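Student: The primary structure of each chain is shown beneath.
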Amino acid sequence: MTPSSSIAAPGAVPGHEAHDDHGHHPSYLTDGTTVKSWLLTVDHKRIGIMYMAWILLFFLVGGIFALLIRIELLTPGPTIMDAMTYNRVFTLHGVVMIFLFMIPAIPGIFGNFMLPLMLGAKDVAFPRLNLLSLYVYLAGAAFAIWGMLNGGLDTGWTFYTPYSAHTTTTVAPVLFGAFIIGFSSILTGMNFIVTTHTMRAPGITWFKMPLMVWALYATSCIQVLATPVIGLLLLLVTAENLFSLGMFDVARGGDPVLFQHLFWFYSHPAVYIMVLPAFGVMSEIVSAFSRKNIFGYRAVAYSSVGIAFVGFFAWGHHMFVSGQSTFNAGVFGVLSMLVGVFTAIKVFNWVGTVYKGAVEFTTPFAYFCGFLFFTVFGGMTGIAVATVSLDVPWHDTYFVVAHFHFIMVGATIMAFLAALHYWFPKMFGKMYHEGWGLVSAALIILGFNATFIPQFLLGNAGMPRRYYEYPERFQALNVASTAGASLLAFGFVIIAIYLTYALIYGKRVDNPWNSKGYEWLTMSPPPTHNFIGPQPTYPEEPHFYVDPKKAEGEVSDV
Amino acid sequence: MSDLANQFLFLPERASTFAERVDFLHYFVVGTTMVMSAGVGLAALFMFFRYRRREAHQHTEYVVPDLKTEFLFVSVPLVFFLAWFAIGFRDFTWFTTPPKDSMDVYVMGKQWMWKFSYPEGPNGVNVLHVPANRPVRLLITSRDVIHSFFVPSFRIKMDALPGRYTQAWFEATKPGTYQVLCTEYCGLSHSKMLAEVVVLSPEDYESWLKEQQRGRLQDRQDALADTSLVPSVARMAEQGQKLVGTQGCLKCHSVDGSRHIGPTFLGLFEREEKLDDGQTIRVDEAYITQSMMDPGAHIVAGYQNVMPTYQGKLQGPESAAIVEYIKTLRTANVRETASEGPAYDPIQ
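Which chain is which? The protein sequence lines are A and B, in order. Per our numbering: the first sequence = residues 1 to 558. Per our numbering: the second sequence = residues 559 to 906.
Next comes chain A alone, as it looks inside the complex:
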């Protein structure tokens, strides 16, 4: 363990010599070991770890249901369940993965843990509110899961009216659960926004914030602005379902498509709630493992805000064939293209970051490679489905399923796993086995492609989504997809095994990557109040790997 050598960075941090006495300062993990000290903690790091425990559990649940879906689709007719069960299973898969995993995963775990560290703050702005948001999330999850076990709903996670208002399954508890989870999302978002504005350590100006912070900030803005819309909408549908209000019922002057507008007004930006933090993680990782400053830092930072902004004006591209006017389709089509441009800026700048760098091919970097592919391919297919005439045959087919799994799930999972491996030593002070890390990364990237590339082709062939049975000509591709899914699952099992092993028997480390990210300026795992001694100051910009002796006045342009 050589903390001082690994942090002997240019512009050494005052107070950082205190690292030498690890033994005298307990880390956040050992500072209080009672159950109560965890459940009632206001430490952002412990809250992040508790989020991690729950989110991983929900990921397991959602993943098991994904496998059940894939097994059912092995044969054209019924395979292991009846149609009603299948409809409930894919709904459950969607609801759990979206609301309980994808949306809170990176902000809830790594945002909570890293944001204050990256800003040189002792905690988030409202520590108690932070704890509350965890319990609100769990309360919502409890409601939703209780509803799914007691009857379950068969609407799909999109809850489209009028079906969701008519179905005989129990819709209300699940919608109410999602409504509660929304509050958790809003609280976390508010907390992050205020933290970013008010808790930055001296020296951290807006354009010296790590790009992860920029991404979390943009994400939080979406959460605070968009989530109330779906909250209200879910209440309306619940009321419609229970009391037949007529909001979405044509017979009483309502409009079924109104639901879709309100739903996508949240749910399209929600896609960016999922991928923007992923983009942030990747900026950190590409910089750390190529030991380079981010090529075009400002462009990447601005593009996060740009995506958050235009993300609000693209919702109509989910409704090209819903009978909305041709003019509307054109407007939403062209606005959707802008999201693609902002994402392209990021991709090019990430690749540019490697230029003249010093690449170390580690597990997190392997996930960066997978991420690059999923983002480019997933993003480009996103542009393809936003191209109005092409969306006509593709809409609601497996092409769309494959597209959103590529960009939303693929990119986010890559970032989630990259973050998990990159920050594992930071969070627990232990190191995992690099060889197994690379093997499982290869399995997962391969498995993911094998699962979803056949689904693009299924969509081309015309197989609609949410199909329990399908004409026989689609079988070969479905079998291929299921085979890929089992490979993917296998990869996750390996990760679970070696990370658990590392947690217990892993080698003690402090900064195994020699990373200069701000969060590495304190010891690993960090002490309860993040820094020992006076608050550090930050003379350099983040992602700075230049030799200080040569740094004077040396800027090479491209």
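Hints are computed from structural coordinates only; laboratory data are not their basis. Quick caveat: nothing in here was measured; it's all calculated off a predicted structure. A few of these clues could be false.
As the list claims (entries may be wrong) - Short, incomplete list of chain B residues facing chain A, as computed with Cβ under 8 Å:
{"hint": "1", "residue": "Leu562"}
{"hint": "2", "residue": "Gln565"}
{"hint": "3", "residue": "Leu567"}
{"hint": "4", "residue": "Phe568"}
{"hint": "5", "residue": "Arg572"}
{"hint": "6", "residue": "Ser595"}
{"hint": "7", "residue": "Arg611"}
{"hint": "8", "residue": "Pro623"}
{"hint": "9", "residue": "Val632"}
{"hint": "10", "residue": "Phe643"}
{"hint": "11", "residue": "Val703"}
{"hint": "12", "residue": "Asp717"}
{"hint": "13", "residue": "Leu746"}
{"hint": "14", "residue": "Ala855"}
{"hint": "15", "residue": "Asn863"}
What the hints assert, rightly or not - Calculated cross-link-like contacts (lysine-lysine; reagent style DSS-like; alpha-carbon spacing at most 25 Å):
{"hint": "16", "chain 1": "A", "residue 1": "Lys507", "chain 2": "A", "residue 2": "Lys430"}
{"hint": "17", "chain 1": "B", "residue 1": "Lys885", "chain 2": "B", "residue 2": "Lys871"}
{"hint": "18", "chain 1": "B", "residue 1": "Lys750", "chain 2": "B", "residue 2": "Lys871"}
{"hint": "19", "chain 1": "B", "residue 1": "Lys626", "chain 2": "A", "residue 2": "Lys356"}
{"hint": "20", "chain 1": "B", "residue 1": "Lys673", "chain 2": "B", "residue 2": "Lys832"}
{"hint": "21", "chain 1": "B", "residue 1": "Lys626", "chain 2": "A", "residue 2": "Lys208"}
Even for Gly, the Cβ is constructed at its ideal location relative to N, Cα and C.
Take the given structure of chain A and dock chain B to it, following the hints.
Tutor: Okay, now just chain B, sitting in the frame of chain A:
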């Protein structure tokens, strides 16, 4: 050439004028995506190798892009995206504007079938006959929830919304049979909501139409000739047999004893059924009629409450005819085996 591309991309047969336009843009977009992904990927791989790390604490140069590079990053994708948008929007406008001389067909989706009716012609369930090389405008609506009318070979799709008409049009280019699928999730049998478009040559279409109209005429004359006020039981059962077909009963109920979404009609009459609340009921005229009008009142154990009501959709004599038909399906040995898969045979 394009056939090869279609095979490679798993695209179905191209059978409408719109399909030709869509496929052209499809190749362009997919081609660019492939080239771009490969370009970014190869550039990245090259650099991972070229700039691999040589020592643990290696310092690097401070490299920032100049304005020209960033401008390139923005403008190149923007130009491509806007070009796709422009072509796509032009084609979409074409798709949403049916020609004046197109032939109209009304399409109604309901759980879980497609009904077609021609202003001057016959009605049909799940089979749409149209002539080739003539624009056909579909006026689409739904009776219950949102459905979506999708013909992969024509590359067309349009949602069916309750209380509103949407329109789509196509011009089929070659005779044949093409599958129709529902792409908006609409409940239990969403994946069974299949239909087909039969494209006939103009001459075949004319003779098909004549045939249909003759049938209607025949029916009318029969009705006039029938002087008895009370139809014989045999005739009612016959009418009932037609009705269970046209009303879609057979989408969920079989007549050969096999288990489906609902109980089989074979041997149903006078059977003792166990209900899901534990009670037993004897199937008589009253119960069958009640099940048509208020399907949720008594559910047979082991089945879901998914049947739509036929209150107001069936007239008195019609429901009576269905009861009479079910009465004729009495048998001593009922097979209670599992469903043998979808009743639908895929189109080859």
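Student: Which of the stated hints cannot be reconciled with the structure, identified by number in ascending sequence?
Tutor: 1, 2, 5, 14, 20
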